[in-house]
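> If you're matching them up, the sequences are chains X and W in order. Start counting the first sequence at 1137; every next residue gets the next number (this note's numbering). Start counting the second sequence at 28; every next residue gets the next number (this note's numbering).
Any given hint could be a false lead.
[As the list claims (entries may be wrong)] Among the chain W residues that face chain X by a calculated CB cut under 10 Å, a handful are: (1) N38; (2) E220; (3) S227; (4) S249; (5) S257.
To be clear, the hints were calculated from the coordinates, so they are not data collected in a lab. Glycine is no exception: its CB is placed at the ideal position from the N, C-alpha and C atoms.
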Amino acid sequence: MSITLKKVSYYYNQKTPSQRQVLKDIDLNIQKGEFIALIGETGSGKSTLVQQLNGLLIPSFGKLTFEDDQTKTVIYDIQREPSYDKKLNPVFYKDKKIKNIKELRKRVGMVFQFPEYQLFETNVLTDVSYGPKNFGLKKEEAEEKAKQALELVGLDSSYFKRSPFELSGGEKRKVAIAGIIAMNPDYLVLDEPTAGLDPVGEKNMMELFKKISDTGTTIILVTHNMDIVMEYCNKVCVVEDGRISSISTPLELFQNDSFVKLSSIDAPYFIKVARELINHNLPIDIKKVKSIKTLADEIRRVIK
Amino acid sequence: MKSVIFGRYSNYNTPIHRIDPRVKIIGMIVFMVAIFLPLTKVGSTSQYEINMSTATNFIILGIIFLIQLILMLIGRISFISIFKSMKTMWFFLFLIFLLNILIPTNPTAEQTAFNLGTLAISYSAIFSTAYVFVRLVLVVMITSVVTSTTKPMELTFGIEWLLYPLKFVKIPVHEIGMIISLALRYIPTLMEESERIMKSQASRGVDFKNGKFKEKFKSITSLIVPLFMSSFIKASDLADTMEARGYDPKAKRTRYRMLSWRWVDTLWLIVIAIFLGLIIAQCVIGTNYMLLLMNII
Ligand SMILES: Nc1ncnc2c1ncn2[C@@H]1O[C@H](COP(=O)(O)OP(=O)(O)O)[C@@H](O)[C@H]1O
Ligand SMILES: [Mg+2]
Chain X
1137 MSITLKKVSY
1147 YYNQKTPSQR
1157 QVLKDIDLNI
1167 QKGEFIALIG
1177 ETGSGKSTLV
1187 QQLNGLLIPS
1197 FGKLTFEDDQ
1207 TKTVIYDIQR
1217 EPSYDKKLNP
1227 VFYKDKKIKN
1237 IKELRKRVGM
1247 VFQFPEYQLF
1257 ETNVLTDVSY
1267 GPKNFGLKKE
1277 EAEEKAKQAL
1287 ELVGLDSSYF
1297 KRSPFELSGG
1307 EKRKVAIAGI
1317 IAMNPDYLVL
1327 DEPTAGLDPV
1337 GEKNMMELFK
1347 KISDTGTTII
1357 LVTHNMDIVM
1367 EYCNKVCVVE
1377 DGRISSISTP
1387 LELFQNDSFV
1397 KLSSIDAPYF
1407 IKVARELINH
1417 NLPIDIKKVK
1427 SIKTLADEIR
1437 RVIK
Chain W
28 MKSVIFGRYS
38 NYNTPIHRID
48 PRVKIIGMIV
58 FMVAIFLPLT
68 KVGSTSQYEI
78 NMSTATNFII
88 LGIIFLIQLI
98 LMLIGRISFI
108 SIFKSMKTMW
118 FFLFLIFLLN
128 ILIPTNPTAE
138 QTAFNLGTLA
148 ISYSAIFSTA
158 YVFVRLVLVV
168 MITSVVTSTT
178 KPMELTFGIE
188 WLLYPLKFVK
198 IPVHEIGMII
208 SLALRYIPTL
218 MEESERIMKS
228 QASRGVDFKN
238 GKFKEKFKSI
248 TSLIVPLFMS
258 SFIKASDLAD
268 TMEARGYDPK
278 AKRTRYRMLS
288 WRWVDTLWLI
298 VIAIFLGLII
308 AQCVIGTNYM
318 LLLMNII
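Take the sequences, apply the hints, and build the full model.
What follows is the structure, given as structure tokens:
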């Protein structure tokens, strides 16, 4: 099972004086079960990119396919006008045929930054079961799903009947995330989900996502925290100015000298320590540094 | 969400964009007066008089339409936006038409346009609906010209400046100006916010476009409640920030940006004054003059 974006380009404010291309020929394939990180500077287009995945934004051109075990569904395939010229204004197709958008949204759950703003119901349980109900579940089934989701995020039954507005910030966020998990998505997109949380809250939240990932859900995570990328993700995409400039494992990315020097992206803490030590003439082999433990091993080896 | 009534500021640099906001506001008021002047002679009974004044009215409105069309072309205002704002008014128009029809006028045979079942629909009902329609279009046009060629902040300055004389009758002009500019300042923020919330809810399977009435009601609630919550938070944050920076509504304030008057603005003002003069002259003598002329002949 996989989602594939092919040659996706996106313009904001299409056909107005402030038209601007934010995504440029994005090719991306996301396989079932991955825990994939999207990193890049603010304004590089990460949020715009992830919103293509569940059809909240429809690209100006490009193709989105959704592949099941047996079937392959083209959700949309918007082509460039043949006379497309990069210098002139691109010609946009007017009607963008989109199939199964609701099905896509059910499969791909999306958690925005500060998701607590999406709460509106009178109590936690109804709010969380709102999503599943929208996707056609009966009230009882939806509430069952909601209870499971709330349990998973760590809110017990004492919360069910409370108003979401009287909860603390962290709890609100958990409720909001439960509201997405309750829909049982195959893919979970998280756009900076830990923004504004304290380190402990962040850690707890990431453990939660790991738990969700372990149930077989694919996770797509936008984050600025490289320690998180290193610890949880098995793949990392770097977005630079609307393009994907690299796809690799976190370790490959962070060990690569040229990359870390060039980009404004920080490395995880232990890699930074290793680099500092190298700068101070400790002949550590960066390729062998994979974690704090291997860093310690390397230091020991060098000192001996 | 995109189809807001009246155009949003568009960032071109046309002669219309460069006019002083005060002139534009005055001009807009003059146009509105011209559009809404009760041109039909009240109390005229003779069919002939009514016909005559109807014709004159439509000619005048036609001239206003042409002038505004030219202004729109100069200011590069998109016609699509006008249609979009009209779209929200169809229902309104239909209602007016309905009311006009249902007011029992008992038209004579000669006044009847056509019969709808037992209902006789008079020319005057059709005309008054047409008036409302034409006037609405004209108002939308002129407001779009002003709002899409003037930055909201400039607009506020203009309004505040024009309201200044009211200060002497103890009306808090500065505060009103501040309220207007804050309101205008927060329109884009609110739009962004509502787009964000709509997207979050769309991810939860809400369909804002389709659905039965009950579902629609629910989806609107899912937008409005969070929007209110975040607006309250933003408002109280803003109040705190202003207080922390020592905002005092009573204090004398200076401006970062000054409005600067240029000779073209004077020219435009003169043109507007002449236009106003013509409109008033037409109003006073227009229909009468025509009738006079007819009587002599
Ligand atoms: N609604 C919008 N209208 C116009 N431009 C936008 C909008 N949203 C984002 N942008 C622009 O698109 C670019 C990419 O934004 P975004 O995808 O939010 O980046 P990131 O999530 O990586 O910080 C930014 O330069 C931003 O200014
Ligand atoms: Mg973002």
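> Are the hints correct? Go through all of them and say.
Outcome of the hint check:
1. N38: holds, 5 Å
2. E220: Holds, because the Cβ-Cβ distance from E220 (chain W) to chain X comes to roughly 8 Å (cut-off 10 Å).
3. S227: Result: holds, 4 Å to nearest chain X Cβ.
4. S249: Because about 5 Å separates S249 (chain W) from the closest Cβ in chain X, which is inside the 10 Å limit, the hint holds.
5. S257: Result: holds, 6 Å to nearest chain X Cβ.
In this structure, none of the earlier numbered hints is contradicted; all agree with it.
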